[in-house]
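Protein chains: 2
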Amino acid sequence: MTGNGANSIELLRFGQMSSRPRSAAKRSRIIDIAMHHFAENGYHAARVGDMAAALGIAKGSIFQHFGSKDGLFFEVYKRAVRSFPKYLDAPAEVRSVGFFQVLQYWLVRTEHLLREDWIPYRISLLGNYGTDLALKREINRFLMAEDPYGTVAFVRFGLERSELRDDMDVEMIVSILDWTIERFQDALLTAELDPGLFRRQGELPEKKEARIQQFLSILQRAIGAADPVSVRPHPALRKVSGGNAAAKARG
Amino acid sequence: MTGNGANSIELLRFGQMSSRPRSAAKRSRIIDIAMHHFAENGYHAARVGDMAAALGIAKGSIFQHFGSKDGLFFEVYKRAVRSFPKYLDAPAEVRSVGFFQVLQYWLVRTEHLLREDWIPYRISLLGNYGTDLALKREINRFLMAEDPYGTVAFVRFGLERSELRDDMDVEMIVSILDWTIERFQDALLTAELDPGLFRRQGELPEKKEARIQQFLSILQRAIGAADPVSVRPHPALRKVSGGNAAAKARG
DNA sequence: ATGCTACGGTGACTTGAGGTCATTGATGAC
DNA sequence: GTCATCAATGACCTCAAGTCACCGTAGCAT
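First to last, the protein sequences are chains E and R.
Just so you know, we're using our numbering here: the first sequence kicks off at 298 and counts up by one.
Just so you know, we're using our numbering here: the second sequence kicks off at 298 and counts up by one.
Just so you know, the hints here were simulated from the structure itself, not pulled from any lab data.
Even glycine gets a Cβ: it sits at the ideal position worked out from N, Cα and C.
Just the calculated beta-carbon pair ranges, DEER-fashion: (1) E:Arg453 with R:Ala507: 16 to 26 Å; (2) E:Arg324 with R:Ser365: 30 to 40 Å; (3) E:His409 with R:Gly346: 44 to 54 Å; (4) R:Asp444 with E:Ala523: 26 to 36 Å; (5) R:Val394 with E:Arg324: 56 to 66 Å.
Based on the sequences and whatever the hints tell you, model everything.
Below is the structure:
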């Protein structure tokens with residue numbers, strides 16, 4: 298490489314340098330290419346050697362940075378998952394309608410997000426189902442520690458608005474949400490991405506809409522407050538509901 | 298091996314012989330050992346060579362029978378999953394109480410079943426989360442085709458007794474049940490078998506009971522009929538519109 | 001400028017597990 | 001007793017993960 302000096306100056310301009318400037322930049326490039334390879338070929342079929350070749354570097358370099366293929370994938374997974382929006386990133390006008398409106402917003406949009414950018418989604422699928430139990434344990438630790446979708450904050454949001462049952466542990470609601478949303482999304486999305494990977498749900502687009510509404514109504518009954526219309530007028534956090542999502546979903 | 302003749306005679310007594318008697322018996326023995334190896338070491342760490350050694354046969358034999366490690370694992374998985382009880386295998390007196398009683402019965406007992414025999418459970422965990430997307434696709438095809446837990450029949454049972462909402466597709470209820478039960482069981486069980494693999498739920502035994510009750514109540518609200526007390530023995534059992542479930546949910 | 005040091009990059013090498021196949025040996029039919 | 005069939009064998013192949021001794025360069029001290 299000839300332009301090293303220029304290179305680090307350029308890096309400086311992006312403010313990417315910490316103590317190990319070139320290291321960080323290179324790691325990032327590796328993760329980027331690796332993400333494509335994993336997404337396109339799956340975990341096992343993706344070869345570290347190919348990634349190195351695509352980057353024009355030696356295979357050993359990758360191992361020096363990430364220790365192992367698992368380690369590399371873990372970094373890829375974290376980046377992919379962090380690139381997803383959090384629940385409360387929904388537009389303010391949607392948030393103001395309420396908890397279940399936010400859910401609906403994301404369920405409907407997931408498909409569009411997927412089409413724009415299927416790679417991170419595929420990575421998360423691999424991390425959830427297609428690698429190895431040891432790695433999955435790390436992944437779950439990460440998900441619990443970082444809560445990248447902001448599920449906990451989202452549930453608190455719903456609780457503050459009295460839209461969720463307050464007679465259960467927060468942990469329980471969070472788990473239920475995480476589980477069902479994840480599976481439902483997988484079922485919606487993999488129909489096209491990986492046909493046959495999950496119990497098929499609504500192959501037809503218009504059916505898909507109906508499924509989402511059904512699913513939301515189920516969730517609302519499951520974890521929603523008993524009477525979502527009568528929001529107790531708490532002086533401090535009085536957010537008058539714009540109605541309950543399930544009622545709207547029907548109409 | 299010396300007792301081949303005696304061996305096949307013994308097999309005859311069990312009526313296990315089809316056109317390929319020794320083949321079937323050997324396949325079975327291989328699957329048995331393989332199940333132990335997979336369960337104890339995980340999918341990747343389990344070595345086909347070790348299994349062959351443990352069986353006192355050549356590695357090539359195993360490949361001749363199953364084609365590949367994936368193929369072998371698939372057979373192991375099928376056997377493991379088929380060894381689990383179906384929902385409606387619950388005792389008649391439990392069944393007669395109703396759908397959710399059956400669910401509770403199994404949730405409470407799962408732990409005991411696990412302790413008696415953790416190996417098939419571990420295999421199903423591997424199949425669900427720890428192998429490879431291509432294999433997982435096969436597994437899901439199998440689960441859909443065979444419905445080894447009898448979820449569909451179980452849901453029909455609940456519908457016939459008017460204990461489940463009849464305003465949703467059966468498919469949807471089945472999916473919800475499959476997803477949540479699987480994840481809930483995983484969360485309950487892996488706390489000890491694979492610490493850190495799932496969001497922890499009830500580390501303490503007495504908490505575990507409470508979790509099960511909470512979980513059941515959630516499920517009941519989600520997919521249960523609006524008024525579970527009034528079980529109407531409808532002769533024609535179809536389309537008894539139960540009114541608005543959410544409104545009555547608080548009882 | 002010059003030598004020194006530390007560190008990231010290199011690629012040939014090792015390891016080791018999945019998978020193959022020509023050969024062998026046993027089984028059952030005639 | 002002979003032969004055809006087919007499963008069992010184990011030496012062999014392939015191929016990708018992972019290692020390591022060496023090297024070149026950057027940054028520093030003199």
